[in-house]
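Letter by letter, the chains look like this.
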Amino acid sequence: MQILSNSEKKRTDIGKLVSETPKNSDSVVLKDDTPERIARNVIIFLVGILIVFAVWFIVAWYYNTFQRHTLSFPEPVETFRQMFSYLGGESMLRFSIFTHLFATIERWIIGYVIAAVIGIFIGMTLATSERAYQIGMVPVNILQMIPGLAWIPVAFLLFGLGNNTAIFIIAVSAISPIAMNVAAGIRRVPRVNIRTAQMVGLSKMQMFDRVLLPYAAVDIVTGLRVGMANAWRMLIAAEMVVGVAVGLGYTISQSVYMLDYVTSFVCIIIICIIGLFIDKVVFARIESFAKERLRTEVNE
Amino acid sequence: MTVISVENVSMAYADRKGKNAKIVLRDVNIDINENEFVCLIGPSGCGKTTLLNMIAGFERPVSGKISYRGQEIIEPSYERGVVFQEYSLLPWMNVLGNVEFGLEGKEKDKEKRKATAERYLSMVGLSDFADHRPNLLSGGMKQRVAIARTLAMEPDVLLMDEPFSALDEQTRGKLDREILEIWKHNKRTVIFVTHNVDEALLLGTRIIMLSAAPGQVIKEWSLGDDREMTSERMVRLRKDIIDTLHLCPCAVRSVITIE
Numbered sequence: 001m002q003i004l005s006n007s008e009k010k011r012t013d014i015g016k017l018v019s020e021t022p023k024n025s026d027s028v029v030l031k032d033d034t035p036e037r038i039a040r041n042v043i044i045f046l047v048g049i050l051i052v053f054a055v056w057f058i059v060a061w062y063y064n065t066f067q068r069h070t071l072s073f074p075e076p077v078e079t080f081r082q083m084f085s086y087l088g089g090e091s092m093l094r095f096s097i098f099t100h101l102f103a104t105i106e107r108w109i110i111g112y113v114i115a116a117v118i119g120i121f122i123g124m125t126l127a128t129s130e131r132a133y134q135i136g137m138v139p140v141n142i143l144q145m146i147p148g149l150a151w152i153p154v155a156f157l158l159f160g161l162g163n164n165t166a167i168f169i170i171a172v173s174a175i176s177p178i179a180m181n182v183a184a185g186i187r188r189v190p191r192v193n194i195r196t197a198q199m200v201g202l203s204k205m206q207m208f209d210r211v212l213l214p215y216a217a218v219d220i221v222t223g224l225r226v227g228m229a230n231a232w233r234m235l236i237a238a239e240m241v242v243g244v245a246v247g248l249g250y251t252i253s254q255s256v257y258m259l260d261y262v263t264s265f266v267c268i269i270i271i272c273i274i275g276l277f278i279d280k281v282v283f284a285r286i287e288s289f290a291k292e293r294l295r296t297e298v299n300e
Numbered sequence: 001m002t003v004i005s006v007e008n009v010s011m012a013y014a015d016r017k018g019k020n021a022k023i024v025l026r027d028v029n030i031d032i033n034e035n036e037f038v039c040l041i042g043p044s045g046c047g048k049t050t051l052l053n054m055i056a057g058f059e060r061p062v063s064g065k066i067s068y069r070g071q072e073i074i075e076p077s078y079e080r081g082v083v084f085q086e087y088s089l090l091p092w093m094n095v096l097g098n099v100e101f102g103l104e105g106k107e108k109d110k111e112k113r114k115a116t117a118e119r120y121l122s123m124v125g126l127s128d129f130a131d132h133r134p135n136l137l138s139g140g141m142k143q144r145v146a147i148a149r150t151l152a153m154e155p156d157v158l159l160m161d162e163p164f165s166a167l168d169e170q171t172r173g174k175l176d177r178e179i180l181e182i183w184k185h186n187k188r189t190v191i192f193v194t195h196n197v198d199e200a201l202l203l204g205t206r207i208i209m210l211s212a213a214p215g216q217v218i219k220e221w222s223l224g225d226d227r228e229m230t231s232e233r234m235v236r237l238r239k240d241i242i243d244t245l246h247l248c249p250c251a252v253r254s255v256i257t258i259e
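Here the protein sequences come in this chain order: A and B. Here the numbering used here is used: the first residue of the first sequence is 1, the next is one more, and so on. Here the numbering used here is used: the first residue of the second sequence is 1, the next is one more, and so on.
Calculated directly from the structure, the hints in this document are not laboratory data. It should be emphasised that the depicted structure is a prediction, and the values quoted were computed from it without experimental measurement. Glycine residues also receive a C-beta, built at the ideal position from the N, C-alpha and C atoms. Incorrect hints may appear among the rest.
As the list claims (entries may be wrong) - Listed next, with one range per pair, are the computed distances between beta-carbon atoms: (1) 135/B - 137/A: 24 to 34 Å; (2) 15/B - 45/A: 28 to 38 Å; (3) 135/A - 7/B: 35 to 45 Å; (4) 135/B - 191/A: 53 to 63 Å; (5) 135/A - 198/B: 30 to 40 Å; (6) 49/A - 165/B: 53 to 63 Å; (7) 1/B - 144/A: 30 to 40 Å; (8) 190/A - 128/B: 49 to 59 Å; (9) 35/B - 205/A: 54 to 64 Å; (10) 198/B - 209/A: 16 to 26 Å.
Claimed, not checked - Facing chain B, from chain A, some residues (calculated, C-beta under 8 Å): (11) 113; (12) 204; (13) 241; (14) 262; (15) 264.
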């Protein structure tokens, strides 16, 4: 039997398809969703997950066997059992797990939308001229260098304790990556395309709408994605410290004080799953859509 | 009538550190008349493209004045359509969309825009590719779409900046002849930058040679309608141009009219 490498196999597969298509056709349809391919991706994913659980299990086992004083380290099985019971309706810190989850997501969406609007506006302003960029990048870099939680004194002064403080911290940590990427994306637009639009007689606003923003779409999505990840991380940290009464971050810190480590582990898992979903499913789709629209990979 | 007049124009660019400026053009004077097909030739780096960009209005000279029909040029306008050296199509629009884009500043009616774009697309022979994305086209086809886009604007002056320099010799020759046909049927003022003497001889009614930087007009030739490249007159002219190109870039201006 002949053993083929992956790329060879793909090549011969295409060769077979070509010989099967009618002579007057100039393209073949490659089926990308063959069962083997899907199975391979599922296996890759499962092995990755397995490594995470193995490390978790070994640490838990080591701690519980050799280092345990009073509290036990939650093990995967125990944690998931507790998670399903919370998902089934058991109350977690006075509320259902869904109430905590929605409170967290609501905060995140409000903070993130504010950051996106401000970030895109700043990015577009920075891209209007070289001088605006040089001046504007100074505050944006300063903003970038201040860790989210360091804004706590500012946030307390402006908003006091509670929800708005959390939203402020979320927003402020997502603005600079969004602004930077929007500005960089617009500045990367080839000069010849800007000149074409000038020659055609487009106004500045039309130029943004018809040329600059579409060209920068991929960078804008990248900025929104990085901003999203920043906001998501800051969200949990902010909830842990600024005194909100509901939310996943709040639940982590409270359950630690109450020595209920299993509950905090449940929250960590849920946070991780949602973060992964938003990044790998939602944003990856938007990004590949933007790339497809632009055809950046194969253009020139 | 003079359509474009370049008066004592000089241009210089500051270097990256901002300490020195490189002089690209010095005291250039050119008058271009209605329906002339002017080819600008010269060694690379002599400021041909810079001159074209200034005529288009993308850049302004550091001294001197460039006017279009008596009005000083201060910004780009759809009266002066440019075909760029680089590929300049918008990658997310299909071929027809790119041609229509040329009309966006001028024609508000979408239907009319589409009809005009289709007409010019068929003029460059690419009607069959109307809904293809630019990335599926060869270099020659991309430039033809760019030409259709600029022609669709129906500009008074057509500025072409080495539009075929990235293409192979065969494609270039074919497109040169197409340009000539289009110009013959649809006379207008054309300024065509090239470093290819044969291309200039084939296309131009007038050839202007710039010296190496700082660019100055060193010589110009007026041609008739004879495009027979093998005729004795054309062979002599070609030799003269090549000889001048090889000479030192002396700033002597002379006009030779060959009957």
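These are the hints, each one checked on the structure:
1. 135/B - 137/A: 24 to 34 Å: holds (33 Å)
2. 15/B - 45/A: 28 to 38 Å: violated (54 Å)
3. 135/A - 7/B: 35 to 45 Å: About 37 Å separates the Cβ atoms of residue 135/A and residue 7/B, which means 35 to 45 Å holds.
4. 135/B - 191/A: 53 to 63 Å: Cβ of residue 135/B to Cβ of residue 191/A: about 20 Å, so the range 53 to 63 Å is violated.
5. 135/A - 198/B: 30 to 40 Å: violated (51 Å)
6. 49/A - 165/B: 53 to 63 Å: holds (55 Å)
7. 1/B - 144/A: 30 to 40 Å: The hint (30 to 40 Å, Cβ to Cβ) is violated, given that residue 1/B and residue 144/A are roughly 58 Å apart.
8. 190/A - 128/B: 49 to 59 Å: violated (27 Å)
9. 35/B - 205/A: 54 to 64 Å: Violated - the Cβ-Cβ distance for residue 35/B and residue 205/A, about 36 Å, lies outside 54 to 64 Å.
10. 198/B - 209/A: 16 to 26 Å: Cβ of residue 198/B to Cβ of residue 209/A: about 43 Å, so the range 16 to 26 Å is violated.
11. 113: Because about 26 Å separates residue 113/A from the closest Cβ in chain B, which is outside the 8 Å limit, the hint is violated.
12. 204: Violated, because the Cβ-Cβ distance from residue 204/A to chain B comes to roughly 12 Å (cut-off 8 Å).
13. 241: violated (44 Å)
14. 262: violated (51 Å)
15. 264: violated (47 Å)
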